[in-house]
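Student: Now for the letters of each chain:
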Amino acid sequence: MLNKLFSFNGGVTPAYEKTRSAEGPILPVPLPAELVIPLHQHVGGPPRPVVQAGDRVTKGQRIGKADGNASATVHASTSGLVSAVEMRRMPHSSGLSALSVIIKPDGLDAWGTAKPLDLHTASPTEIRDHLMQMGVVGLGGAVFPTHLKIVPGQPKALETLVINGAECEPFITCDDLLMRQRADTVIAGVALMCQIMKPDRTLIGIEDNKPEAIRAMQQAIEAQHDKRLEVVSVPTRYPAGGAKQLIRVLTGIEVPHGERSTDYGVQCFNVGTAVAVHDAIKLGRPLVSRIVTVSGNVRRGGNYDVLIGTPMRDVVALSEAHADTNRYIMGGPMMGVVMPGMEVPVVKATNCILVGSPKMFPPPPPEMPCIRCGECAIACPADLQPFELYWFSRAKIFGKAQEYHLFDCIECGCCAYVCPSHIPLVDYYRFAKSEIWAREHEKEAADHARERYEFRQYREEREKEEKAARLAAKTAAGREKATAALAVAEQPDGSNNTAEKDAKKALIAAALARAKQQQEQAAAINTAAALSAEQQAEIAAIEARRAEIREVAKPHLPPDN
Amino acid sequence: MLATKSNNSPFVLKPASVRSVMVRVLLALIPGVVAYVWLFGPAILVQIALASLTALAAEAIALHLRRKPVWLFISDGSALVTAWLIALSFPPIAPWWLVVLGTLFAIVVAKHLYGGLGQNPFNPAMVAFALMIVAYPLAMSQWPAPGGDFSQHLNAIFGHRQVDAMTMATPLDALRTALHSGATPAADSTNAWLWISLGYALGGLYLLQQRLITWHLPVAFLATLGLIASIACYADPVRFGSPVFHLFSGGAVLGAFFIITDPVSGCTTPRGKLIFATLAALLVWIIRTFGAYPDGVAFAVLLMNIAAPLIDMYTQPPVFGHKGKRTGGLS
Numbered sequence: 063m064l065n066k067l068f069s070f071n072g073g074v075t076p077a078y079e080k081t082r083s084a085e086g087p088i089l090p091v092p093l094p095a096e097l098v099i100p101l102h103q104h105v106g107g108p109p110r111p112v113v114q115a116g117d118r119v120t121k122g123q124r125i126g127k128a129d130g131n132a133s134a135t136v137h138a139s140t141s142g143l144v145s146a147v148e149m150r151r152m153p154h155s156s157g158l159s160a161l162s163v164i165i166k167p168d169g170l171d172a173w174g175t176a177k178p179l180d181l182h183t184a185s186p187t188e189i190r191d192h193l194m195q196m197g198v199v200g201l202g203g204a205v206f207p208t209h210l211k212i213v214p215g216q217p218k219a220l221e222t223l224v225i226n227g228a229e230c231e232p233f234i235t236c237d238d239l240l241m242r243q244r245a246d247t248v249i250a251g252v253a254l255m256c257q258i259m260k261p262d263r264t265l266i267g268i269e270d271n272k273p274e275a276i277r278a279m280q281q282a283i284e285a286q287h288d289k290r291l292e293v294v295s296v297p298t299r300y301p302a303g304g305a306k307q308l309i310r311v312l313t314g315i316e317v318p319h320g321e322r323s324t325d326y327g328v329q330c331f332n333v334g335t336a337v338a339v340h341d342a343i344k345l346g347r348p349l350v351s352r353i354v355t356v357s358g359n360v361r362r363g364g365n366y367d368v369l370i371g372t373p374m375r376d377v378v379a380l381s382e383a384h385a386d387t388n389r390y391i392m393g394g395p396m397m398g399v400v401m402p403g404m405e406v407p408v409v410k411a412t413n414c415i416l417v418g419s420p421k422m423f424p425p426p427p428p429e430m431p432c433i434r435c436g437e438c439a440i441a442c443p444a445d446l447q448p449f450e451l452y453w454f455s456r457a458k459i460f461g462k463a464q465e466y467h468l469f470d471c472i473e474c475g476c477c478a479y480v481c482p483s484h485i486p487l488v489d490y491y492r493f494a495k496s497e498i499w500a501r502e503h504e505k506e507a508a509d510h511a512r513e514r515y516e517f518r519q520y521r522e523e524r525e526k527e528e529k530a531a532r533l534a535a536k537t538a539a540g541r542e543k544a545t546a547a548l549a550v551a552e553q554p555d556g557s558n559n560t561a562e563k564d565a566k567k568a569l570i571a572a573a574l575a576r577a578k579q580q581q582e583q584a585a586a587i588n589t590a591a592a593l594s595a596e597q598q599a600e601i602a603a604i605e606a607r608r609a610e611i612r613e614v615a616k617p618h619l620p621p622d623n
Numbered sequence: 209m210l211a212t213k214s215n216n217s218p219f220v221l222k223p224a225s226v227r228s229v230m231v232r233v234l235l236a237l238i239p240g241v242v243a244y245v246w247l248f249g250p251a252i253l254v255q256i257a258l259a260s261l262t263a264l265a266a267e268a269i270a271l272h273l274r275r276k277p278v279w280l281f282i283s284d285g286s287a288l289v290t291a292w293l294i295a296l297s298f299p300p301i302a303p304w305w306l307v308v309l310g311t312l313f314a315i316v317v318a319k320h321l322y323g324g325l326g327q328n329p330f331n332p333a334m335v336a337f338a339l340m341i342v343a344y345p346l347a348m349s350q351w352p353a354p355g356g357d358f359s360q361h362l363n364a365i366f367g368h369r370q371v372d373a374m375t376m377a378t379p380l381d382a383l384r385t386a387l388h389s390g391a392t393p394a395a396d397s398t399n400a401w402l403w404i405s406l407g408y409a410l411g412g413l414y415l416l417q418q419r420l421i422t423w424h425l426p427v428a429f430l431a432t433l434g435l436i437a438s439i440a441c442y443a444d445p446v447r448f449g450s451p452v453f454h455l456f457s458g459g460a461v462l463g464a465f466f467i468i469t470d471p472v473s474g475c476t477t478p479r480g481k482l483i484f485a486t487l488a489a490l491l492v493w494i495i496r497t498f499g500a501y502p503d504g505v506a507f508a509v510l511l512m513n514i515a516a517p518l519i520d521m522y523t524q525p526p527v528f529g530h531k532g533k534r535t536g537g538l539s
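Chains as they are written, first to last, in the numbering used here: chain A, 63 to 623; chain B, 209 to 539.
Just chain B, with the same shape it has in the complex (with noise of 0.2 Å):
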């Protein structure tokens, strides 16, 4: 920060902050939440809490240690954004260490390790998922089936043991074995992902409409990974899955509107988004069809991430006045 206390112009602002912005898109993802809710029971509402409390907690403890006011930064929002964001992209019935141990490294190491707000490199919950699904494939793969019954599913998230029986394949989970088995994914998750996504496109909806984000990072995304994946399907419908069946399952969605646009580690240039989310787009079909784990949207915003900075380099607008001439960092 600059050493002189600001008594310069302008001396007046817009009635905008940081805390404004992550309500908002806390907000937006309230449409998706409702959905799940009502496919798949209360059980998210309880990995919402948790991931939440965790987040709080975390935030609290790191800035007390890096000598930071707490109130000023923890009423930002910006650990809850991150805490919803976990809890949306990990399994409803995953056991609660599962969620809490993601969330504490998605704060402590994610974020407050690189210097918090705003100077993380990569998108903390996409970093939970990942570390998460390595460490701990099977825990993270244990999706429920539409409906359930919520007592099962709180026994599963606060039990010792794994509730079996009303586990079921993810569509994603349910195309790799398909690859496989030949047989046909099964319909009734997919339209509950169906819906869940519809959801969270609403929310996407309303935070392009409030420009907190532009269109050029969810249109890219969602029209890449549908291009490519009806390319493919046109080409071996046996093999690769359909376009709707790609956009509307697992994290495609989530990720197009409240995952890649996340701006501190994304692509912030125009010409950059189109390009950052093209890639992630390419990697997530790539991953998902070829790669070890079911969905891909987690590493492919990771391996993008670390390329934002090159690709917004490399593709700066041009001034004011030099249109058409050269411009960016590019000497």
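Next up, chain A with everything else stripped away, as it sits in the complex (with noise of 0.2 Å):
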């Protein structure tokens, strides 16, 4: 290997486990019942749905337009009948609902036309948004829409593209397999992304514990002769996976919170997301399957591609989970989430399900007092102090908590992972950071108020300034007319007198009939006659998704989504 690898401070070891699902191939699964997919699957804004009860679909067709540029496209994951557009519970912790399009599969699993993009003649919008109608979302867990940060003809040149192929979980080896069994459509889609993005180097940077990964793509890309490609072994330690750590070692480049890796020159991609792009440009396939791991308390752990929105209890019941079961993870066990229920489906996010006994994940033994031994400061891999984050999150001292980086926090859970005292330092960090959110949205709802209330005052006092002018000018209008027509009243001659006040009757008729026209017309915009059936649709589906994100918002804070 001839480059230099650098490393990143912290990180743990734990056990990897990942032999209990990285055998065997990549199996399909049988078309489940019926298929929930979320419409709102990614980080942006929710899209709407555009499909209803009763439509029929093919597999790939649109049924959640992306609401904005921040947002992506849902399509249908197999041929059938939409039954609902309904609230459905999510694959997330909260469980909390959200609108889902219900299809009932017809069996055909017939894909609509596809759509494939020409690269050499598509401009970089098309490009963009060519990604953006193929749902095409981070797949490494993030779920963040690719077509933003794929940006063709940027002024700062990107100097190295990292492609994520690390996968530093435990237990989740759906990545691993993918770069097993499919290396070729993972090198053409990393191929189609240097076209686009035309970075100085790429990087593919894989655990040095996947070594039939790292052979299998070291021939994909020998095979294509292709040697803008290198792929990196890096040093097994967990989170070496996540997007900042992997740009560390392969770079060297460390990208502060909150800023872009573009202005450092580096963009980071998933393996996945890199053969969702080979599937949207090559062959005009939408996103709507993606390679899930289901391992922990089953009987053959193993990898399955799945269709969005199939029920999570049947791709488990492939693996046939013991008869312990308690739960389900999404995610592997260092930072995955508890799911509400079995019958939530995989989403595009769903890298795993891990499925947990009482046995295999025991609860935690009881929580004791911090003693500052400091094993969570050295197994930080953002170099944070996480028991002093601890001491303010506890103490409610939230403005020390932010001075100490708090939101520098990845949530990796290794300080949590090696503390001696058990203490679930992940939770607290969660629980600052929400609180922190919820009071600055306080805030800003106040100075709202604040706002319009001093606007009011002030346009009450333009107001009543306006008024007061006006009555002036208005007096002194009226003076002005009394004087001329004592004038008029003045002259010898009447006759001019009978003349103006016609003219005058006449004016006032013009003017009421024009009142009344203007009146009618008000009332006619404000009537649903006046408005198209489509017009009238979009304002109903945006009265739907603002009950649904009310509902979503009211206990949850969902703060920079």
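No lab work stands behind these hints, which were simulated from the structure alone. Hints are supplied without guarantee of correctness; some may be wrong.
Unchecked claim - Here are the computed lysine-lysine pairs in the BS3-like style, where the Cα-Cα straight-line distance is at most 25 Å:
id, chain 1, residue 1, chain 2, residue 2
1, B, Lys276, A, Lys458
2, A, Lys421, B, Lys531
3, A, Lys526, A, Lys536
4, A, Lys177, A, Lys127
5, A, Lys260, A, Lys66
6, A, Lys421, A, Lys127
7, B, Lys531, A, Lys66
8, B, Lys531, A, Lys462
Take the two lone chains, each set in its own frame, and fit them into one complex as the hints suggest.
Tutor: Put into structure tokens, the structure is as follows:
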């Protein structure tokens, strides 16, 4: 390896347990009885439904329209009948529901028309738009819309394109298997990314505990004679697969919290995303499935090619969960989230369904006081002082917690993993973060209210002044008129008088007619009759979306999404 | 504690516990204890037993009164570590009530009145030492000569009268006397303490190997003490003790590896640890040389305990992506 590798501080080496699921091929999953496809599966605005109950859909047909640029399109994962568009429970620890499209598969699994994109003729905007239309999002778990990261023709040149095949979380092997068994597609996808973004170099980082994946990827590169790509074996240490940590290891660059890696000449994509990009551009197929690892408390772990929207229970059934299974965890044991139920659907973010039992993942021993031993500080890959953050969070001294860089915490769980006092440290940080967000929202709301109040006061003041001015002007004008009338009256000839009266009457009548007309027009605009059916549907959709967002946002505070 | 029962990631934990930390600290003390027994007889074991029993009893009562789970906390081993450190820093032939009183004060006042495990701003063992040497300076200065008769020692511990014949001045006391009379310190006793110090150092290396402590504190502490002593001794060998003498007598090595490394009452940032240890060593030398008490480790540590939060605040290490930028508690 010619590349000089860097290292990040901290990290841990938990039991990897990868062999539980890394054997055997990637298996298909039979079509379930129904697919529950949530419309909001990515970071960014929730898409709006464009189908309704009773519609027939083909595989890959658009069912959710991206709302604005920072959003992604959602597609039907198979052909069939839309049985409902309704609120369903999400694969999220909160157990909240969100608007989902329910599809009864017709068993044909028939694709609609494919829309490949010719990169040679497409403009940068067309490429981005195409990826958005194909619903491509980051498949490493963050589900950030890919078209926002693939920026062709940037003013600042992209020095390094980092492809993330590190997969550092224990148990998870979906990227490993993807690289082993579909290396050609991965490399083709990476090559397309290179073509779009034109980086100086492209580094594919893979942890050295995946020698087969490294070999397969190297062979794929050799087969395609692509000199631009290079596979780099990185030391196995959690969280080496964190984007910032991998960028650090491969390039030595540290991207601070809240800044974009492109500003440092680096961009990072997951290997799964590369395949999605390939499928979207070469095959013209949207993102309707992904590889999902099933592992943990099951008879035989494995990886499955799962249609988005398949209930998790259906996937796990193939691996045969043991009887004492008590929960599903989406993701790995370090950062995964407990599912509110077993019927929740597989979404674009689902890299792993970790099947848990009280024996496999026992509840933590009782929490002891912090003895400031500093193990957490040694383990923290963000170079934080976790125990200080803990003290401040616990004491609700949130200002201090922020000063000690609470928001640089990536919630990787290393600190809680090593803590000899078994303190759920990450919970404390989540708590502190949400409190801070809630307070900021409150403050914002208060600021708005104050601004509105001040503006109203200003407006009332202004109106009063204007009224006074008008009144003064009117009085002045009236006085003038009176003077003029007096002058007319003083005239000896009275014939003028009647003509003037007639003219005045006509003027008043005209003004009345105008006013009436205006009133009628205003009424017409506000009645539904004047709206097109499309506009009406749009208004209804907006109302529905608002209601949904209100419901979702009420107990939960989605801060930076 | 958080109201919610943790049902969140991470779902796997490293097999580590406060108990395993404390047990390894106790293990690390064993080489020093063995050397102690070998050179001064088994009296020290009696003191360790007295201190341990007192500590456990006091801890249990305090936990019960504070309505804390008694077994959970008493089995963490932290009270035993305090007890052993008290026993090892007190004279081995001190009367029994001295170590019992000291331990009681350490556990009840210095630890539990401040909130128990993890909450004490001062090192409990050093609080005990400081209190006792101020309250009972005579009893705290009765050090045996190497060797010695165990039955005599037992008599000193549990008897009613002090056995003056068998006590001798510690090297540090001898130094103080020497400063006035011009006599050389007792070589015999210095050698014994050198061996015990080496025992502590061996345990300290084990703590380093186990990553329970980092190099910063012991290295900075011993290097500073050695350096100041060297400079002073070079300037005036008659007035000031030699560096070997300073390093290997009294509580210097025990302090370097076991006392100033207490993370609860000390500094935790790498730079903070260096500052803490350097200033502590400076204070030790000053108190030993110019102060009213023979050993200065306890007072030096307590004084530095007060400064630890401030030092930590000003020495926060740079965060990922913020290297080279100013960070930490300075706003």
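Student: All hints are to be evaluated individually against the structure, with a verdict given for each.
Tutor: Against the structure, the hints:
no.: 1; hint: B:Lys276 <-> A:Lys458; in the structure: holds, 23 Å
no.: 2; hint: A:Lys421 <-> B:Lys531; in the structure: violated, 42 Å
no.: 3; hint: A:Lys526 <-> A:Lys536; in the structure: holds, 15 Å
no.: 4; hint: A:Lys177 <-> A:Lys127; in the structure: holds, 17 Å
no.: 5; hint: A:Lys260 <-> A:Lys66; in the structure: holds, 22 Å
no.: 6; hint: A:Lys421 <-> A:Lys127; in the structure: violated, 44 Å
no.: 7; hint: B:Lys531 <-> A:Lys66; in the structure: holds, 20 Å
no.: 8; hint: B:Lys531 <-> A:Lys462; in the structure: holds, 20 Å
Comparing the model with each earlier hint shows violations of hints 2 and 6; every other hint is respected.
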